[in-house]
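The primary structure of each chain is shown beneath.
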Amino acid sequence: MPNTFFGWIGFLLEKYGGMFLSGAANTLLIAVVGTVAGFIIGLLVAIVRTIQLKRDAGGLKRAALGAAKLLLNAYIEVFRGTPMIVQAMVVYYGASQYLGLNLPAMTAAFLVVSINTGAYMAEIVRGGILSVDAGQKEAAIAVGMTHWQGMTGVILPQAIRNILPSVGNEFVVNIKDSSVLNVISVTEVFFMSKSAAGTYYRYFEVFFITSVIYFILTFTFTRLLRLVEKKLSGSASYTVYGSQSSYQAEIEVKRDPEGEA
Amino acid sequence: MAEILHVTGLYKRFGGNEVLSGIDLSVGAGEVVCVIGPSGSGKSTFLRCINLLEEPSGGQILFKGQDVMKMPASLLHARVGMVFQQFNLFNNMTALDNCVAGQRRVLRRSREESVRKAMFYLERVGMLPYRDARPAQLSGGQKQRAAIARALCMDPEVLLFDEPTSALDPEMVDEVLSVIRTLKDGGLTMMIVTHEMAFARDAADRVVFMDAGKVVEDAPPSKLFVKPENPRTQAFLARTMRG
Numbered sequence: 001m002p003n004t005f006f007g008w009i010g011f012l013l014e015k016y017g018g019m020f021l022s023g024a025a026n027t028l029l030i031a032v033v034g035t036v037a038g039f040i041i042g043l044l045v046a047i048v049r050t051i052q053l054k055r056d057a058g059g060l061k062r063a064a065l066g067a068a069k070l071l072l073n074a075y076i077e078v079f080r081g082t083p084m085i086v087q088a089m090v091v092y093y094g095a096s097q098y099l100g101l102n103l104p105a106m107t108a109a110f111l112v113v114s115i116n117t118g119a120y121m122a123e124i125v126r127g128g129i130l131s132v133d134a135g136q137k138e139a140a141i142a143v144g145m146t147h148w149q150g151m152t153g154v155i156l157p158q159a160i161r162n163i164l165p166s167v168g169n170e171f172v173v174n175i176k177d178s179s180v181l182n183v184i185s186v187t188e189v190f191f192m193s194k195s196a197a198g199t200y201y202r203y204f205e206v207f208f209i210t211s212v213i214y215f216i217l218t219f220t221f222t223r224l225l226r227l228v229e230k231k232l233s234g235s236a237s238y239t240v241y242g243s244q245s246s247y248q249a250e251i252e253v254k255r256d257p258e259g260e261a
Numbered sequence: 001m002a003e004i005l006h007v008t009g010l011y012k013r014f015g016g017n018e019v020l021s022g023i024d025l026s027v028g029a030g031e032v033v034c035v036i037g038p039s040g041s042g043k044s045t046f047l048r049c050i051n052l053l054e055e056p057s058g059g060q061i062l063f064k065g066q067d068v069m070k071m072p073a074s075l076l077h078a079r080v081g082m083v084f085q086q087f088n089l090f091n092n093m094t095a096l097d098n099c100v101a102g103q104r105r106v107l108r109r110s111r112e113e114s115v116r117k118a119m120f121y122l123e124r125v126g127m128l129p130y131r132d133a134r135p136a137q138l139s140g141g142q143k144q145r146a147a148i149a150r151a152l153c154m155d156p157e158v159l160l161f162d163e164p165t166s167a168l169d170p171e172m173v174d175e176v177l178s179v180i181r182t183l184k185d186g187g188l189t190m191m192i193v194t195h196e197m198a199f200a201r202d203a204a205d206r207v208v209f210m211d212a213g214k215v216v217e218d219a220p221p222s223k224l225f226v227k228p229e230n231p232r233t234q235a236f237l238a239r240t241m242r243g
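Chains as they are written, first to last, in this note's numbering: chain R, 1 to 261; chain X, 1 to 243.
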């Protein structure tokens, strides 16, 4: 048996390296799936919550939209208002006891993290939409776009750029908080560490390795997100074709407009 | 002259505040109507009611005989274009894409056709060299000219201008007004809310003076500016034409 700190680290890495790696991979997978799915949920919820009916809209339409908005609000409040660790227990054991569904642990993990993140994202996206000048929406309406077209083509692209830092935050939170899923035996990196630590009773050394893994995961992804943010800001310069007095000389289209259209 | 817009008894209330108190107006094809009046007289609200950016509280607006409240919204907006005081170009798109987006999404035109049309109108407003610029990279006058091109790309039958030069520096006002003049020469029907009296006087076929939510006087500029009948019009013109 090793008798120094670094000796133990080396020993544990050699013996449990595969477990740490597969745990880290699962953690990352849960965080990516949960954040992406949560983001999409957040966008959809925000699109529905911003629908405004015309004054002459029928009573049925009005009631349906009202009910949908009420449900979405309830969803946001419930999932923001209870801990994810409890949600995991309720979903996992609820599915097996009352629906007869024995969810694989990873499936339950994707489900819980996505739905939980979606509730936060819905509010983040709402904030992003509020940050976009109201004139943008009016202009979209004025050229004839529908609510969906205006949202997806004009408002959300601008809102998303504004909320990217918060979305990155959610991602980092998900990498770390997915550790609570060990209570339903999801084999993420915390669960793996607990098993590894138990064998030799080397809790400090194992969780030292675990913390390094978490930090590498979060740090790498915050840097990546910065790059994405920079890219979304668009280029700082543009081409002026010809001079202002003789631009007729130049009528070639330099880039494909499909990107935005 | 065929009638394009016919407004009768238009009311608009914001809460308990009545902004439009029964407006009647008719606009014929090819006519250029300038709407003038003091701030808070309801000019902008009137314009915004016509393409339903504000929902009227009462009255009727007919576009070529059709009740606009019963028209599909995107059809109405494609045929009644709007140019805003604050330009409202889509900030996430280049000038060219601003002109293309509506054609593609609303009119379902092909990319080639949309781009061709966008280039045509961008050239007409002198913005072709700046087609790859984003709104943040353009001056106010350039933004407004691009916004006019965007509206023209939808082939509107009426174009509404909501104080198109009020947010511009004085030296940029003329470049926008001269674009509007070329549109008049092209025969486009326009309603223009403006504070530019000189422009209204020489570009409008008719000038409408509004005050306190009502049309007070409606006459050709040669008459309204020279011999206004209503005392309120006289007072307003005396105040604004002094400078």
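Just so you know, these hints were derived from the structure itself, not from any lab.
A portion of the hints provided could be inaccurate.
Among chain R residues calculated to face chain X with C-beta under 8 angstroms, some are [what the hints assert, rightly or not]: (1) Tyr75; (2) Glu138; (3) Ala139; (4) Pro157; (5) Val240.
For every residue, glycine included, the Cβ atom is placed at its ideal position computed from N, Cα and C.
We went through each hint and held it up to the structure:
For Tyr75 (chain R), the interface hint is violated, the least distance from its beta-carbon to any beta-carbon of chain X being 29 angstroms, above 8 angstroms. Evaluation of the Glu138 (chain R) hint against chain X yields a held restraint, the C-beta minimum of about 6 angstroms falling below 8 angstroms. Residue-level restraint check for Ala139 (chain R) holds (minimum Cβ-Cβ distance to chain X is 4 angstroms; threshold 8 angstroms). A distance limit of 8 angstroms between C-beta atoms decides the matter here; for Pro157 (chain R) the minimum to chain X is near 4 angstroms, and the interface restraint holds.
With a cut of 8 angstroms, the hint placing Val240 (chain R) at the interface with chain X holds, because the nearest CB-to-CB distance is about 5 angstroms.
Figure legend: structure checked against the earlier numbered hints; the only hint not met is number 1.
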